[in-house]
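Chain by chain, the residues:
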Amino acid sequence: KETNQDSPLYMSTPLLDPQDPMESVPLSVGDPMVCILGSGDFSRSLSSRLRCCGCRVVVGSRDPQRLPPGLFPEGVELKTQRGALEGSLVFLALYPEHYPSLLTLRPLLSGRILVDVSNASSLKQEGLSNAQRLAQMFPCSSVVKGFNGLSAWTLLTGAYDHSRQVLVCGDCPSSKLSVLALAQRLGFGAVDVGGLSASRALEEAPLLLFPSWRGPLLTTMLLFSFFYLYIALKNVLMPFLDRAENNLHHLPLITVNQALPAVALVMLSLVYMPGLLASVLQLYRGTKYKRFPDWLDQWMCARKQLGLLSFLCAALHAVYSVCLSIRRASGYMILNAAYQQVLDSWVETQVWRSDLYLSSGILGLGVLCVLALTSLPSVGQALNWREFTFVQSGLGYTSLVLSVAHVLFFGWDFAFLPRAYQYYLPPVFLLSLVLPCCVLIGRFLLLLPCCSVPLNRIRRGWESKQNKPERERQENGAVFGDV
Amino acid sequence: KETNQDSPLYMSTPLLDPQDPMESVPLSVGDPMVCILGSGDFSRSLSSRLRCCGCRVVVGSRDPQRLPPGLFPEGVELKTQRGALEGSLVFLALYPEHYPSLLTLRPLLSGRILVDVSNASSLKQEGLSNAQRLAQMFPCSSVVKGFNGLSAWTLLTGAYDHSRQVLVCGDCPSSKLSVLALAQRLGFGAVDVGGLSASRALEEAPLLLFPSWRGPLLTTMLLFSFFYLYIALKNVLMPFLDRAENNLHHLPLITVNQALPAVALVMLSLVYMPGLLASVLQLYRGTKYKRFPDWLDQWMCARKQLGLLSFLCAALHAVYSVCLSIRRASGYMILNAAYQQVLDSWVETQVWRSDLYLSSGILGLGVLCVLALTSLPSVGQALNWREFTFVQSGLGYTSLVLSVAHVLFFGWDFAFLPRAYQYYLPPVFLLSLVLPCCVLIGRFLLLLPCCSVPLNRIRRGWESKQNKPERERQENGAVFGDV
Amino acid sequence: KETNQDSPLYMSTPLLDPQDPMESVPLSVGDPMVCILGSGDFSRSLSSRLRCCGCRVVVGSRDPQRLPPGLFPEGVELKTQRGALEGSLVFLALYPEHYPSLLTLRPLLSGRILVDVSNASSLKQEGLSNAQRLAQMFPCSSVVKGFNGLSAWTLLTGAYDHSRQVLVCGDCPSSKLSVLALAQRLGFGAVDVGGLSASRALEEAPLLLFPSWRGPLLTTMLLFSFFYLYIALKNVLMPFLDRAENNLHHLPLITVNQALPAVALVMLSLVYMPGLLASVLQLYRGTKYKRFPDWLDQWMCARKQLGLLSFLCAALHAVYSVCLSIRRASGYMILNAAYQQVLDSWVETQVWRSDLYLSSGILGLGVLCVLALTSLPSVGQALNWREFTFVQSGLGYTSLVLSVAHVLFFGWDFAFLPRAYQYYLPPVFLLSLVLPCCVLIGRFLLLLPCCSVPLNRIRRGWESKQNKPERERQENGAVFGDV
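Residue numbers (the UniProt record's numbering), protein chains in the order written: chain A, 1 to 483; chain B, 1 to 483; chain C, 1 to 483.
No lab work stands behind these hints, which were simulated from the structure alone. Yeah, the Cβ is synthetic: ideal placement off N, Cα and C, and Gly gets one too. Treat the hints with care, as some may be off.
BS3-like cross-link-like pairs, simulated, lysine-lysine; straight-line CA separation at most 25 Å [stated by the list, open to error]:
1. Lys288(B) to Lys465(C)
2. Lys288(A) to Lys79(B)
3. Lys79(B) to Lys465(A)
4. Lys79(B) to Lys290(A)
5. Lys288(A) to Lys304(A)
6. Lys304(A) to Lys290(A)
7. Lys288(C) to Lys465(C)
8. Lys79(C) to Lys465(B)
9. Lys288(C) to Lys79(A)
What follows is a set of in silico ranges between Cβ atoms, one per label pair, in the way DEER data are often shown [what the hints assert, rightly or not]:
10. Ser464(C) to Phe390(B): 45 to 51 Å
11. Cys369(B) to Phe416(C): 19 to 25 Å
12. Asn456(C) to Gly75(A): 56 to 62 Å
All chains, full assembly: derive it from the sequences and hints.
Now the structure itself:
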C-alpha cells in the first residue's frame with residue numbers, strides 16, 4: 001500500500017474505491033509527497049516547482065537551522081535528513097561524491113525510490129555511472145535516473161511545456177512510472193529510456209557541446225582557409241612578388257568576400273552528395289537492406305548542419321558584397337575615375353551580366369533562406385513527410401542551380417581571358433564550381449528512367465537476385481511488401 | 001495489485017493476463033510487449049524506438065533467416081509471423097496491398113489490437129480507407145489507425161518531443177487507449193481523433209502538399225505577373241515602339257523591383273480586408289450567430305499565409321533596392337554624369353523625400369518582420385490572446401500605414417506630373433495604393449463610435465431584434481451572457 | 001459510480017472490474033460525457049474539439065430551439081440547461097456576470113465538477129476571483145479553473161500540440177485530475193498549478209501585455225531619445241546657432257543611424273552587467289545562499305529581452321547604413337565632388353580603417369544574430385545547459401568585443417581631433433563606449449585566478465567563515481555537497 005499512496009500515479013485511485021473517496025483524496029491524490037535530500041540550488045528550484053504543481057515537499061538538510069529563512073518557498077517543510085524521509089519518492093540533490101554520507105540512512109531509504117539527478121563530472125569516465133554506483137550502495141532501494149538535464153533555472157522559470165523533456169531510466173518499471181508521472185505532473189515531457197544501463201548516457205548528455213556540429217564546422221573552416229589562402233596567394237602575394245603591387249588592404253574584406261561564396265557553394269553541394277552516393281550504392285548493391293558504411297551514415301546525419309553553415313556563408317557573402325559599396329575605397333575609385341575624365345562607355349552585355357548574376361544570387365539566397373527556416377524545430381515539425389521532402393530536396397536543388405547560375409553569370413566574361421589564369425592559377429569561382437556541377441550531373445543521371453525505375457523498386461523493398469535466396473524467387477516478392 | 005491498477009500504462013495489460021497482475025508487473029507495466037509484422041524500414045525504426053523506451057519487441061518476418069544479421073537493434077526477437085504473435089499490440093508494417101497475405105493468420109490475430117500504419121497511395125480515393133478494409137478482413141480483431149504520419153527517420157532520430165504528435169483513431173476505445181499510451185511512452189504527443197471513419201483523413205494527411213498555401217501563392221503569382229507585365233508594357237515596350245528606346249535590360253532587375261513592392265502592399269491589404277468584411281457583415285446582420293459565407297471563411301484562414309508572402313515580397317524588394325547600387329549600370333550613370341560635368345544642384349526637398357521614404361520603408365519592413373516572427377509556431381504559442389491580437393492587428397496596421405507612407409513619399413513629386421501618365425497609363429505605385437487605402441479608410445470608419453459600439457455589443461453575443469424570437473425581448477438578454 | 005464512468009480518468013477502469021472488462025469499456029473509457037452550459041463561440045469551439053477527440057457532448061442553452069441549425073458540429077446534443085446536466089464535468093461557457101442566473105440549477109449542479117473558463121474583465125480587481133465567487137455560489141459542487149487561456153480560435157484550429165498548455169487549479173484534487181485528463185485528451189499540455197487561490201493569476205494571465213518587455217522597452221526608448229537629442233543638439237542645433245548651417249535634413253536618417261548603434265552597444269553591455277554584479281556580490285558576501293536584491297533579480301530576468309532589443313537596434317543600424325548609399329544626398333555629394341574636380345588622394349590607412357570597422361561590425365552582428373536565434377523557444381529548448389551557456393555567455397562576449405572593436409576602428413582617426421569635441425561635447429561613440437568597456441574590464445578581472453577560484457568554490461556551495469556557524473568548520477563541508 002505504501003507505494004501507491006505516495007506514487008503520483010495513485011492520483012486516479014480514490015475514484016476507484018467508492019467507500020470513502022472524499023477522505024483519501026486530498027492527501028494521496030492531490031498532493032503526492034516528495035522528499036528532497038540536500039538544500040542546494042537544485043533542491044530549492046525543484047521544491048518550488050513541486051509546490052506550484054501542488055505536491056507536498058519535505059527537504060532534508062544536514063542542519064535545517066543553519067539555512068537562512070525564506071530560502072525555500074512557503075509550504076516546504078525543512079527537516080533533518082532523517083526526519084525528511086517520508087513518502088516513497090526521494091530526490092538526492094547532492095553531488096555524487098557525497099552519496100557515501102547517506103549510507104547511515106540506508107535502512108530508512110530501503111524500499112523507497114531514490115531519484116539520482118546528478119550529472120557526470122567529465123566525459124568518457126571509466127567504470128559505473130553515478131546512478132549505478134548509487135544502486136550498488138543501496139541495494140534495497142530502487143534507483144531511478146532522471147531530471148538531471150534540467151538546470152535549476154529551467155525548473156524555476158521554465159514554461160510548463162511538454163517539449164522540455166525529462167528522460168528517465170531505471171531497472172524497476174513501477175518506480176520508473178512514478179517518476180515519469182511526477183515529471184508529467186510538473187509539466188515536462190516524460191520519457192522512459194530503458195534500464196539503468198542507460199544512465200551513463202543521461203549523465204553525460206548535459207556535458208556535450210554541439211557534438212553534431214563539430215564535423216561540419218571543421219569542414220567549413222578547412223574549406224574557408226583553403227580558399228582564403230589560395231586567393232591571398234593569387235591576388236595579393238603573387239602580384240606583390242611579381243610587380244610589387246600592394247594589395248594588402250584586400251585581406252580584411254575583399255578576399256574574405258571572394259572566399260565566402262566559394263565555401264557556401266561547395267558546402268551546399270556537400271549537402272546533396274551523400275544522398276547521391278547512397279542511391280548509387282543501393283543501385284550497385286541491388287538492395288536497401290545492407291547498411292551503409294559508417295562514414296556515409298555520419299555524412300547523411302550532418303546534412304542539416306552543412307546546409308545551415310552553407311546558408312550562413314552565403315548570407316555573410318551577401319552582406320559583405322552590399323557593404324563593398326559603402327567602403328571608403330569604392331568612393332576613391334569613382335571619384336578618381338571621374339577626375340581622370342574616364343568615359344565609361346555603356347556595354348549592354350555588362351549590364352545584363354551584372355543584373356542576371358545579382359538576381360540569380362538574390363533568389364538563390366532567398367530559397368536557401370526558406371530551407372533554413374524549415375530547419376527550425378517548430379517549423380519542421382509542422383510539415384508532413386511529403387512537404388519536408390519537397391522543401392529539402394526540391395527547393396534545395398533549386399537553390400543549388402540558382403547559385404551555380406549566379407557564379408556562371410558572374411564569371412562568364414573573364415572565365416576565358418588568359419589573364420584570369422595568371423601564375424597558372426585558375427580563378428576561384430571555377431574551382432568552386434567543380435563539386436556542384438558533379439552533384440547536378442549525378443542528380444540528372446539518377447533521374448533518367450534507366451536509374452530511377454530500379455531505384456524506386458529497390459526503395460519499395462525489391463531486391464536483386466544475388467541478394468535473394470533461391471526459393472524466394474518463386475514466391476512473388478514475399479518481403480517485398482514491408483513498409 | 002494496487003500499483004498496476006492505477007498506472008495508466010496498465011491499460012494495455014489486462015488484455016494480457018487478468019489473473020495475476022502482480023506477477024506480470026515488471027513485464028506488463030514496465031515492458032509492454034509489442035509485435036511488429038513486416039521487416040521493412042518502418043518496422044526497423046519502430047522496433048529500435050520501442051527498445052529505447054524499454055518495450056519488448058517481437059518482429060514477425062516471412063522468413064527471419066533471410067534477414068541480414070544486425071539489421072534490427074539488439075534485444076529485438078526475430079520470429080516467423082506465426083511465432084511473433086504474442087501480446088495484444090500488433091503493428092502491421094506492410095503495404096496495404098499485402099494485407100490479404102495475413103488472412104491465414106486470422107485466428108491468431110483475433111482478439112488482438114491491429115495497428116494500421118499505412119498511408120493512402122493517392123489522394124481522393126474511392127471506397128474504404130486501408131484501415132476500414134483491414135477491419136473488414138479481421139472482424140474479430142480491433143483495428144486502430146495511427147503512427148502513419150511518422151517517417152522511419154522521425155522514429156529513429158526524432159526527439160522525444162511531445163510536440164511531434166501521433167494521431168490515433170479507432171472504434172474500440174480501450175484498444176485506442178493502449179495505442180495512445182504506447183505513443184506517449186515513445187515520447188510523442190498522442191491524440192485520439194475519433195472513430196475509424198476518421199482514418200481516411202489520417203491516411204491522406206501525409207500526402208498533402210501545403211494545402212493552405214495554394215490559394216495565397218496563386219494570388220501572389222497572379223498579382224506579380226499583372227504588375228510585372230503592366231510595368232514592362234509601360235516602361236519597356238511602349239518606349240521602344242514609341243521612340244525605339246531600348247530598355248530591355250530593365251527586365252531582370254528594375255522591373256521586378258518595381259513589381260515586388262506593389263505586390264507586397266496589395267497582399268498586406270488583402271490580409272486585413274476579410275476582417276473588415278466580417279465586421280461589416282456582422283453589423284449588417286446584427287448577429288454573430290450566422291455563419292460567414294465559405295469564401296470569407298477560407299479567406300480568413302489564409303490571412304497568415306498572405307501576410308508571410310507579403311513579407312517575403314517586401315524583403316525581396318528591400319534586397320533588390322539595396323543591390324541596385326551595386327549594379328554595373330549605376331556605376332555608368334554616375335561616371336557619365338560626372339564626365340558630362342553635370343552640376344546636380346542640391347534640392348533640399350529631394351533629400352527629405354528620399355530620406356523619408358527610406359526610413360518609413362525600413363520601419364515598415366521592420367514591423368512586418370516582427371509580425372512574421374510571431375507566426376513561428378513556437379513564438380506564437382508563447383503569446384496570450386491579447387498579445388497575439390496586439391501584434392497581429394496593432395502592429396499589422398502600423399506596418400500597413402508605414403508602407404503606404406513609404407509609397408506616398410516615394411511618389412509625391414512625380415505623382416502629379418503629366419509625364420508620369422504617358423500612354424495614359426497611371427504609374428504603378430498609384431495602382432498599388434488603391435486597395436490599402438480602402439482598407440485603411442474602412443478600418444477608420446469602423447473605429448467610429450457609431451460602428452464600434454454596436455459591433456462590440458454584437459461580439460458579446462447581443463442580437464438585433466429581427467434575429468430574436470418575440471418573447472426573448474422580455475427576458476433581459478438571456479443568451480447574451482454566453483462566452 | 002456514474003460520475004467516475006464518465007470522468008476521462010476512468011480510462012483505467014477495465015482493470016478495476018476484472019469480471020467483464022470488454023463490456024464497460026466502450027462507454028466509460030472511450031466517450032467521457034461533457035456538459036457545456038452556454039451556446040456562445042467558446043461553447044461551439046469547445047464542443048467541436050471534444051467531438052473530434054471522441055467525447056460525448058451535451059450543450060445546455062436557455063432555449064435550444066432559438067439556435068440556428070448547423071451552428072454546432074454533428075453529434076452534439078442540444079438541450080435545455082436543465083436537461084443538459086448529465087455527467088460529472090460541466091463547463092460554464094457564460095460571462096461571469098451571468099453566473100447568478102444558474103442559481104436555480106444549484107441542486108442539479110451539486111456534486112458535479114464546474115469548470116470556470118472565464119477571464120478577468122480587468123487587471124488588479126479587488127475581492128474574489130470569478131472562480132472563487134463561483135465556488136461560493138455553489139458550495140456543493142467542486143469548482144475547477146481552467147481552459148480560460150484558450151481562445152475559441154485555438155480550440156477550433158489549434159494543433160493538437162502539447163506545447164499549448166491548459167493551466168488548471170482547484171481545491172478538490174480528484175476533480176482537478178478529471179479536468180487535467182480531459183485537457184490532455186484534447187491534446188493540450190495540462191498543468192496543475194495548485195489551489196483555487198491561484199485562480200486570480202490564471203484569470204488575469206490573458207490580459208497581460210508583454211509584462212516582461214515593459215522594462216527593457218522603456219530602457220531602450222530612454223537611451224534612444226537621450227542619444228538622439230544629444231546628437232541633434234551637437235550636429236544640428238549648435239551648428240545652426242553657431243554658423244547658421246542647415247543640417248535639418250540629418251534628422252530622419254543620419255541622426256537616427258548615429259543614435260541606433262550607441263543604443264545597441266549600451267543595451268548589449270546592460271545584458272552582461274547584472275551577471276558581473278551578481279558575481280561580485282557573491283564574492284563579497286562569500287556565499288551563494290543569500291538572495292540577491294530584487295532589482296538585481298529583475299534585471300537578471302530581463303537580460304533576454306535586453307539582448308533582443310539590442311540586436312534589433314544593431315540590425316536597424318546595419319540596414320540604415322547600407323541604405324545611406326541609396327540616398328539622394330549621397331548621389332549629390334559624389335557628383336559635386338566630381339564636378340569640383342576634387343582629387344581624393346588614396347589614403348591607405350583610411351581604406352584599412354573602413355574595411356576593418358565594416359568587417360568587425362558585420363561579424364559582430366552575425367554573432368548577435370546566432371544569439372537571437374537561440375532565444376527562439378524551440379531552438380533554445382534543443383540546447384543542453386552547457387551549450388546554452390556557451391552560446392549566451394561565450395558568443396555574447398565575442399559579439400560585445402567585436403562591437404567595441406567596430407566602434408574603435410570607426411572612431412580611431414577623429415577621436416583625437418579637437419574638432420570632434422566642438423562645443424565641448426564629446427563624440428557619441430565615446431559616450432557609448434563607457435559602459436561596454438567597464439563590462440569587459442570587469443569580466444576580465446573576474447577571470448583572474450584570485451577571483452575565479454573562490455567564485456567557483458562559492459558556486460559549488462562553499463561558504464566563507466562568517467556565514468558558517470562555529471562547529472560547521474570541523475565537519476568537512478557538510479552542506480558543501482548539495483547540488
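| task | Could you tell me which of the numbered hints above are not met by this structure, giving the numbers in increasing order? | result | 1, 11 and 12
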